[in-house]
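Read top to bottom, the protein sequences are chains R and A. Residues are numbered in our numbering as their position in the first sequence, beginning at 1, plus a constant of 49. Residues are numbered in our numbering as their position in the second sequence, beginning at 1, plus a constant of 1.
Keep in mind that the hints were calculated from the coordinates and are not lab data. Incorrect hints may appear among the rest.
Stretch-level coverage of chain A by chain R, calculated; a stretch enters the list once three of its residues show a Cβ under 8 Å from a Cβ in chain R [said to hold, decoys possible]: (1) 18–28; (2) 50–64; (3) 90–97.
Just some of the chain R residues that point at chain A, by a computed CB distance under 10 Å [claimed, not checked]: (4) Pro138; (5) Arg155; (6) Val215; (7) Tyr255; (8) Ser256; (9) Leu258; (10) Ser323; (11) Pro326; (12) Asp327.
Think of the CB as a built atom: it goes at the ideal place given N, C-alpha and C, for glycine as much as any other residue.
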Amino acid sequence: MMTISTRAAPELAPATAHFPGYDIGGLAGTSFKPQHLLAILEDGEPRGFFEVHAENYMGAGGPPHAALARLRQDYPVSLHGVCMSIGGPERLDKAHLERFRGLVERYEPALVSEHLAWSTHRTTYYNDLLPLPYTAATLARVSDHIDEVQETIGRPLLLENPSTYVVLKESVMSETSFIRELAKRTGCGLLLDVNNVFVSAINHGYSALEYLADFPLEHVGEIHLAGHKEQEDDEGERLLIDSHDGPVADAVWTLYQRVIRRAGPIPTLIEWDSAIPDWPILKAEAEAAQAILDREAAAILDERVLTHG
Amino acid sequence: MADVPSRVPLEACDYAARFAAPLLDPACTTPALVAGPNSKRADKRFNVYRNNVTVSLIEALAATFPAVQRVTGEVFFRAMARFHVRESPPTSPLLFEYGRDFPDFIARYEYAQSMPWLADVARIERAWLDAYHAADAKVLAADAIAAIPAERLGGIVFEPHPATRLVRSVYPAVTIFAANRAEGPVSRVDNAAPESALVTRPDLDVIVRRLSTGTDILLDALLRGRPLAEAAEIAATQCPTFDLAAGIAVMLEAGAFTAIHQGG
Numbered sequence: 050m051m052t053i054s055t056r057a058a059p060e061l062a063p064a065t066a067h068f069p070g071y072d073i074g075g076l077a078g079t080s081f082k083p084q085h086l087l088a089i090l091e092d093g094e095p096r097g098f099f100e101v102h103a104e105n106y107m108g109a110g111g112p113p114h115a116a117l118a119r120l121r122q123d124y125p126v127s128l129h130g131v132c133m134s135i136g137g138p139e140r141l142d143k144a145h146l147e148r149f150r151g152l153v154e155r156y157e158p159a160l161v162s163e164h165l166a167w168s169t170h171r172t173t174y175y176n177d178l179l180p181l182p183y184t185a186a187t188l189a190r191v192s193d194h195i196d197e198v199q200e201t202i203g204r205p206l207l208l209e210n211p212s213t214y215v216v217l218k219e220s221v222m223s224e225t226s227f228i229r230e231l232a233k234r235t236g237c238g239l240l241l242d243v244n245n246v247f248v249s250a251i252n253h254g255y256s257a258l259e260y261l262a263d264f265p266l267e268h269v270g271e272i273h274l275a276g277h278k279e280q281e282d283d284e285g286e287r288l289l290i291d292s293h294d295g296p297v298a299d300a301v302w303t304l305y306q307r308v309i310r311r312a313g314p315i316p317t318l319i320e321w322d323s324a325i326p327d328w329p330i331l332k333a334e335a336e337a338a339q340a341i342l343d344r345e346a347a348a349i350l351d352e353r354v355l356t357h358g
Numbered sequence: 002m003a004d005v006p007s008r009v010p011l012e013a014c015d016y017a018a019r020f021a022a023p024l025l026d027p028a029c030t031t032p033a034l035v036a037g038p039n040s041k042r043a044d045k046r047f048n049v050y051r052n053n054v055t056v057s058l059i060e061a062l063a064a065t066f067p068a069v070q071r072v073t074g075e076v077f078f079r080a081m082a083r084f085h086v087r088e089s090p091p092t093s094p095l096l097f098e099y100g101r102d103f104p105d106f107i108a109r110y111e112y113a114q115s116m117p118w119l120a121d122v123a124r125i126e127r128a129w130l131d132a133y134h135a136a137d138a139k140v141l142a143a144d145a146i147a148a149i150p151a152e153r154l155g156g157i158v159f160e161p162h163p164a165t166r167l168v169r170s171v172y173p174a175v176t177i178f179a180a181n182r183a184e185g186p187v188s189r190v191d192n193a194a195p196e197s198a199l200v201t202r203p204d205l206d207v208i209v210r211r212l213s214t215g216t217d218i219l220l221d222a223l224l225r226g227r228p229l230a231e232a233a234e235i236a237a238t239q240c241p242t243f244d245l246a247a248g249i250a251v252m253l254e255a256g257a258f259t260a261i262h263q264g265g
């Protein structure tokens, strides 16, 4: 007899288990990659959190759920949807929304997020985060979609700002105004992806600092940091690609420090989704973010002591 | 808020149709609704999206069909996958569901005609991923049928485990699959005998077994809900050397079933 096996996975956790309600405040985390699970569990004292792409856990059972359930026992988890198509003109996919709700209920994530983008049109799923024009019509439509998601899952969603490569000519609002208006209308929170801000700013020739100055930081519940790649546009000018395949760029770290200085120690995630390194390398990126968060938390404490002490 | 969508003019919402049409069609030019900053040209910019879509879907197929890619080599595989992605893009946002039509595509792909067994290798890989994501369920204990009185044995019906898949092939598809999923060099496959694959996942590990002829016929009938006596007769008729006891033992050991019922 011949057998082909998957890698040994840890024991299955009961699907009905309720998980500890860990606090995610002021923590740094990373994307969760199943190949890192054993290294993570052997790492000793858990600190931080992990983010998973919801769609990878929408199968009925098997190793993905076993791994996530094991991880969730020791860590807070952030559930990050990548294909709800919230930014699309069509109605949300009810079956997909129901699967999303099921994951929120099963894993009790500390954070739940989705993208200001679309990925499905008619019957085709394009597997990319595609851009939308910022108009009164799309504002109304996207607000409805966010309302529907939030009503279904019974909690607020964090909406992520996109990285984009083109301008949609029909846009009549800035991205920051559009996002601010969405938060106001729906009560949703925001996921500020600082790498996306940098990538879009370079690609469209505006100032990342001005974008951040105009961004409603008071609604931000999570920050993303990631690596990007460089190409050229039709005129030979720099075009950055949001590739998630390497370390966070120095310029993005600099912007991140400014955001934390202004907004306080917001939970921060290092995204790394392709050319995935060994766990120690990914962990070191998270530790760099954690150091910035800890410094800010200490500074806030100092200020309090000096003011009231 | 509920009445807002109906007041949104349709033309204001067709950006997705206009943006999507060229994504998988290289003959289609950059859509007029996009530009670079300050009205710069946007061909290369739009191509970032075309590239993201096409390449990520080719990579999804490569992740599901690694043995097929190892057989064909990366350049051949990616060219074949690109044709398939453009012809049959995914209809579900769950990428682990993608590629169900890929084995049939391989079977009629002009440049793969010299490898008539390749589609069956792909079918085993697709079954492997289905088993991987299938619902968790307890398997039927190996001694479960020992307790059944002999006169009732012929009437029992087996309930398949959610992960169980049978892939029948007239080629040595299991040998080729196994050799190309294992680490290390692949030696020449001289065996030309037909092989059927039984794919199960009794716990967390997906297991692929080679089933002898006869046992595969028996299992095929059982998976269709035929009672044991009827299934055994089909197998014995089509395969005179068929050994019923050995066949049942293999299937129970593999964890192919979750329960037995007394059939009507």
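Taking beta carbons only, do three or more residues of the stretch 90–97 of chain A come closer than 8 Å to chain R? Check passed, 8 qualifying residues.
Are 3 or more residues of the stretch 18–28 of chain A near chain R, judged by a Cβ distance of less than 8 Å? holds (count 5)
Classify the hint on Val215(R) as holds or violated, based on whether any CB of chain A lies nearer than 10 Å to its CB. Check passed: Cβ of Val215(R) comes within 4 Å of chain A, closer than 10 Å.
Should the hint that Asp327(R) touches chain A count as held when the rule is a Cβ pair under 10 Å? violated, 19 Å
Please check whether Leu258(R) passes as an interface residue: C-beta within 10 Å of a C-beta belonging to chain A. violated, 17 Å
Chain A contact restraint for Tyr255(R) - C-beta distance below 10 Å: holds, 8 Å
So, Pro326(R) near chain A? Judge it on the closest CB pair being under 10 Å. Cβ of Pro326(R) sits 18 Å from chain A, so the hint is violated.
Residue hint Ser323(R), partner chain A, criterion CB-CB below 10 Å: holds, 8 Å
Please check whether Pro138(R) passes as an interface residue: C-beta within 10 Å of a C-beta belonging to chain A. holds, 3 Å
Tell me if the interface restraint on Ser256(R) is satisfied: Cβ within less than 10 Å of some Cβ in chain A. violated, 13 Å
Does the closest beta carbon of chain A sit nearer than 10 Å to the beta carbon of Arg155(R)? violated, 13 Å
Assertion that chain R covers the stretch 50–64 of chain A - criterion: three or more residues, beta-carbon distance below 8 Å: holds (count 6)
In the structure shown, a violation is registered for the earlier hints numbered 5, 8, 9, 11, 12, in ascending order.
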